[in-house]
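Novice: Given only the sequences and the hints, what does the whole structure look like? Please build it.
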Amino acid sequence: MASQHPALAILVREPDGFTVWSGPPYPQGSSPPQKLPKTACSATTFSSDGSRLLVTVASASATVYDCSSLSVIRSFDLPGLTAAALSPTGSYLQTFQKSSSPQVKNVTVWHVDTATALYQHYQKNLSKATWPMVQFSADESVACRMQTNEMQFFDTKDFTKGIVHRIRMPGIAAMQLASAPGSHVAGFVPEAKGVPASIQIFSCDKDAQNQVVARRSFFRCSTVQFHWNKGSTGLLIVSQADVDKTNQSYYGETKLHYLTTDRAFEGAVPLKKEGPVHDVRWSSSGSEFAAVYGFMPAKATIFNKKCNPFHELGEGPYNTIRWNPKGRFVVIAGFGNLPGDMAFWDYTEKKLVGKTKAEWSVISEWSPDGRHFMTATTAPRLQIDNGIKIFDHNGSLLFKKMFENKLYQADWKPEAPERFDDIADLTTSLSSIKIEDTKKQGQGSKSAQTSSKAPVTIAAKPAGAYRPPQSKHTAALQDKLFGGLAPTGPEMSKTALRNKKRREKQKEKKAGEGSSADDS
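In full-length UniProt numbering, the protein residues as written are 1 to 520.
Among the hints, a few may not be true.
Cross-link-like lysine-lysine pairs, in silico, DSBU-like; alpha carbons within 30 Å at most [said to hold, decoys possible]:
no.	residue 1	residue 2
1	Lys357	Lys306
2	Lys350	Lys273
3	Lys272	Lys350
4	Lys124	Lys98
5	Lys351	Lys306
Rather than coming from a laboratory, the hints here were simulated on the basis of the structure.
Specialist: Encoded structure:
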């Protein structure tokens, strides 16, 4: 008897509106079936559990759809609408409207099914740090918001009670509620007047509030990113400083910190390479996390819950990591200004199972069943060559579609991973022919195998101490990043070419100054 699992679906938004595709696999040469006629909109987003879909028209309306039938549940006429957000299960809708005066309450929490305004207040500005205004736990049993010098909690069964309790935190600039479960909340206070920045974790239990569960202080930090694990026992913090005082990066300085609610670990994650933290992700179990970090070629490492390095995924031109929802496969990739290299790892077997490319990708994510990996080139980041690619779990290209007009969005409809079966027939390694071809292409490069378990070479290891890319010779850097094969055609962006020429001119200038000094 075949197992009953949800059907995959993909939301696609273009300039003239959005539609919903049926998910893969697709017959060879055919277009994905559309489950909904194209509908005009300004923005779309799924609820976290995939049960509902929010569709907004700027300055006009917000409509909530039932994802199972793609029928409209409720539509709200909202003049001056600027932003909207659904709660994790789609029970509540938050909206922000332009307001002419503080007397007009412009932020509203609506009950979707009844279209009732449960809570309203005035908020002057809209920013990434303060929106959505109310944060919910995954089951919507906990709801809180950040206000001046404190975090405020609501009774989700009765929002009309207003604020039911508070946690004082003077100077708070950002907060993040743990989602599954909503047992803890973290707050961030930036550094000021010689006082270091700090992260503090509190319990959401009313009886235990205002008692700090864990704390971490550090200098050179202006903003942070929070990453809670499943189980709400561990919190990763990426701290960002606008200026890198070591002058090794144009983009400031980033550090990775780790706190546990049992205080077993409070400190910096022991990264083995200097440079920025490009990406960090928890596994679906919440028992380990992966990080991509360091100056190019970046390093990828998996750490266990005790923050000990557990497995190395090698080095290369990477800045992105995506963990399969089932926890078995990991993709490390180099998107944005990087060439688009992707390496697919079977984490359970600790094997590299495939390598491919997806140039110019802007967004990327695994399907909820963990069998497919989608990349997309979207506007406004890139105005041309917009399209979608879908790969198998081992990196094989299954589907590709280019868009004549711009593509703004491509998202999988969320589903609970446990509703899908595990992959029965796994491709655990590349074929011997492909491996031999890869080795032959790599001859003459300085690359070496990073692990005896990996079937193919991933990246070279520096002969000496690591130096920033701008201080290395261009040929050596290309050898390191591309296995001795210099990128051609679209491999290097216009920005990268300009930077390359500028570095070469700087080296020539320095060489000339050095010669003049020797002659004198």
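Novice: State for each hint whether it applies.
Specialist: For each hint, the structure was consulted:
| no. | hint | result |
| --- | --- | --- |
| 1 | Lys357 - Lys306 | 33 Å, violated |
| 2 | Lys350 - Lys273 | 22 Å, holds |
| 3 | Lys272 - Lys350 | 20 Å, holds |
| 4 | Lys124 - Lys98 | 9 Å, holds |
| 5 | Lys351 - Lys306 | 23 Å, holds |
Figure legend: structure checked against the earlier numbered hints; the only hint not met is number 1.
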